[in-house]
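Residue numbering for the sequence shown follows this note's numbering, beginning at 8 and increasing consecutively.
Heads up, a few of these hints could be off.
Label pairs and their calculated CB-CB ranges [claimed, not checked]:
(1) R107 with A142: 18 to 28 Å
(2) R247 with R41: 28 to 38 Å
(3) S30 with G297: 46 to 56 Å
(4) V198 with P116: 48 to 58 Å
(5) R247 with E110: 38 to 48 Å
(6) A286 with R41: 47 to 57 Å
Here are the simulated lysine to any residue pairs, SDA-like style, with alpha carbons at most 25 Å apart [said to hold, decoys possible]:
(7) K161 with T236
(8) K80 with S39
(9) K190 with T236
(10) K80 with A142
(11) K80 with Y197
Read the hints as simulated data drawn from the structure, not as lab findings.
Keep in mind that this is a model prediction, so the values were computed, not measured.
C-beta: ideal position from N, C-alpha, C; glycine also.
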Amino acid sequence: MTTLRDRVKTLVPAPVLSGVRSSLVRYGERTSDRRPLPDFLVIGTKRGGTTSLWRYLLEHPLVPRLFPAWNTKTSHYFEDTYSRGEAWYRSHFPTERQRRALERRHGGPTRVGEAAPLYMFHPLAPARVAELIPAVKLIVLLRDPVERAYSHWKERRTEGVEPLGFAEALAAEEERTAGEREKLIADPTYVSNAYDWYSYRARGRYLEHLEPWLDRFDREQLLILPSETFYREPAAAYARVLDFLGLPPYQLDRYEVFNDRRSSAMDAAVRDELTRYYAPYDGALADRLGLTFDWGR
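When you get a sec, could you build the whole thing from the sequences and use the hints?
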């Protein structure tokens, strides 16, 4: 499917397009003092339905897009671009005037946010978010970690950055990511592709990565949804998210699944190993959150 962004890139010469982009970025930064910080963040998990949820939210008339329009989902501020500063971060969101215009037109409160599934996994993101926007609402989608890991690997293969098979990639994960978390903590400007790309197994230890958020934010600020429920009952899950954000109900015409990747089935032996590996982590997660996850395997 050809997008408007693709058509613009085809019709407008690259130097002109680059100049327009730079001008819009500078304009956003100049007007950053008129751009309120976000009301909500979708912080995870990767391959858990964050893109689908974000697309659904943007269909709500009171959820404006990021600025400029090519920023489809996130600024990556609390992970990769934190050194650019608060004014740069604010530049991604609509102005107070734009928000009020939407509210007059649609008769309800606007809610502005972004979706960045690396936020939940990045060791510095919880403290950064808590310092800048302590009252923010946080949405977490948690998918069966076995399926999540396989889907993550499929995405990396499709994008051409994963030469290994799934079993081989799992075996190589510890060596590939060794020391990367520590480097991120030691150097706030450090960016690690390996930590993002090859963390197939580690990302599924959900409680380990949620605890820093639970320590810093009231439980009422977090909405945690099983991805399986979200996919199976999208209208009900969407309604729950809107209620959590304080948005009026809104029914979509259809609930399309975005970024789905069809493939052959996971090797049975690998599935069995991962299932046994995650069992104690899943149990601790359910006990800590008081939730039941539909991860029947």
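Structure-based check of each hint:
Between R107 and A142 the Cβ separation comes to about 20 Å, which falls inside the hinted range of 18 to 28 Å. Roughly 32 Å separates the CB atoms of R247 and R41, a value that falls within the hinted 28 to 38 Å. As the Cβ distance of S30 to G297 is approximately 50 Å, the hint placing it in 46 to 56 Å holds. Distance hint check for V198 and P116: the Cβ-Cβ separation is about 35 Å, which falls outside the suggested range of 48 to 58 Å.
Under the hint 38 to 48 Å, the C-beta atoms of R247 and E110, about 23 Å apart, miss the expected range. Between A286 and R41 the CB atoms are about 51 Å apart, so this pair conforms to the stated range of 47 to 57 Å. Between K161 and T236 the alpha-carbon distance is near 22 Å, which keeps this suggested pair within the 25 Å criterion. Only pairs whose Cα atoms come within 25 Å are accepted, and K80 paired with S39 is accepted, the gap being roughly 19 Å.
For the proposed pair K190 and T236, the alpha carbon gap of about 36 Å is over 25 Å, so the pair is violated. For the suggested pair K80 and A142, the alpha carbons sit about 21 Å apart, so the restraint of at most 25 Å is met. Pair hint K80 plus Y197 holds up; C-alpha atoms about 22 Å apart against a cutoff of 25 Å.
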